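Build the full structure now, drawing on both the sequences and the hints.
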Amino acid sequence: MESELDRLRKKVENFPSASLYNRLAELARDAGSIDEAEEVCRRCMREFPRNGHSYVILAAIEAERGKREDALKLLRSAVERDPRSVSGYLMLGTLLLQDKDYIKALGYLKQAAAIKPNDAQVTARIAEIERIQAAIAAATPAVATAAAAASASGEIKTPMGGEPLVPFAGPMTTAIKAAALSTSGSRLAALDALCGETGVRGALVADWHGRVVVAKNMEAGQDELLAALSSEIAKSSTACQAALGSDRLTTWALLAGAGQVLSFQRDKAFSVVVLADPGVRPAMLELRARQTLIDLGTA
Amino acid sequence: MNDVLDQLNRVRGVGGSLLVSNEGLVMASALRSGIDENQIAASLGTLLEGATKIAQVFQLGKIAAFNAGSDQGGMVLVSTGPAFLAIIVDPSANLALLQLETKPFVERITQRLTLKT
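Chains W and V, in that order, are what the protein sequence lines are. Per the numbering used here, the first sequence runs over residues 1 to 299. Per the numbering used here, the second sequence runs over residues 1 to 117.
Don't read these hints as lab results, they were simulated from the structure. Take these hints with a grain of salt, some might be off.
To be verified - In the DSSO-like style, the derived pairs of lysine-lysine whose C-alpha atoms are separated by at most 27 Å in a straight line are:
#1 62(V) x 100(W)
#2 67(W) x 100(W)
#3 53(V) x 216(W)
#4 103(V) x 62(V)
#5 100(W) x 73(W)
#6 53(V) x 116(W)
#7 216(W) x 103(V)
#8 100(W) x 116(W)
#9 73(W) x 116(W)
Remember, predicted model here, so these are calculated numbers, not experimental data.
Here is the structure:
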């Protein structure tokens, strides 16, 4: 008796279409005929270059072969050809999640969710990333305590040889922050000039991972939130810059109706984040921010 | 919408433009060949999500614009109502002048999008 695979092979020969090619490729792959599946995908790509699904099927084959880079390349081609390819975004998100590149993975998965909001797999992957991010955030205070203890024992010195520059390994708890500031009044003073500028509501210095080094005029808890979100924005902006061929980011500014947030950074290390009134000129703040980094011994 | 973006790209200092929804989905694109618009859109989606959270927490109101830059150029995001217009900026561009020259395009796009929705 003729199998569905055989019937589809004949049908494709007589009435070739992108959907038939894709169905045949999937059936061949499921039947273990990987080479045939690959050949069918490549024929579909040649004859129907605008169809993105054959790229997704071939990407799955390459991923199973362990060729992850090839798979990612094919998936990027898939979503470029078909910007509404949920399976393309989902697989990109899944592969990047396996690579622990949570930000990019979440970006692609959210694109899939925007097209198909109730897709169970997409929702599950997004939930998985959010769980991982929450676990990382919950686990880091313990490391921060260890870092603060190491700092207190004088094991770590700044490049300038002055007081220790704490390598904050997690969000600072209020206790750690108080301990750190009590031994480093001058660190807080580094933000004095910046916060003294007209229109500046508050400012902080954070590391690349979004952990607060020092903050001034910020409400309790808000400094950590601002530092974390600023870090996320800086990483996304850097990814944009990278796609445009630039390898670094020096400043970013968020301008809104009732205020603005400006960030000045140096070499993916530390950044100064300023919360200011609308209309404050960034040029003056940038000078002060750079001086803050110098005073802290990070520049 | 691509016709407006093509005209916008003729403004001195503009190296390309892209219209993305608030969720980071590409609505129209006029980027140089070789630039991965989906990679940019995915990053912009995450970026806009973070920016929106900051605006909410610190009660900054509606986001009007977002600029990111380095000495090798940068990107300006301008709100056009239900979407954001991303303008790729050349390193030599005068940002103040660019803002003035691109304003009519932002208004045209906002008008078109508002009429559609």
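Earlier hints that do not hold, by number:
1 and 7
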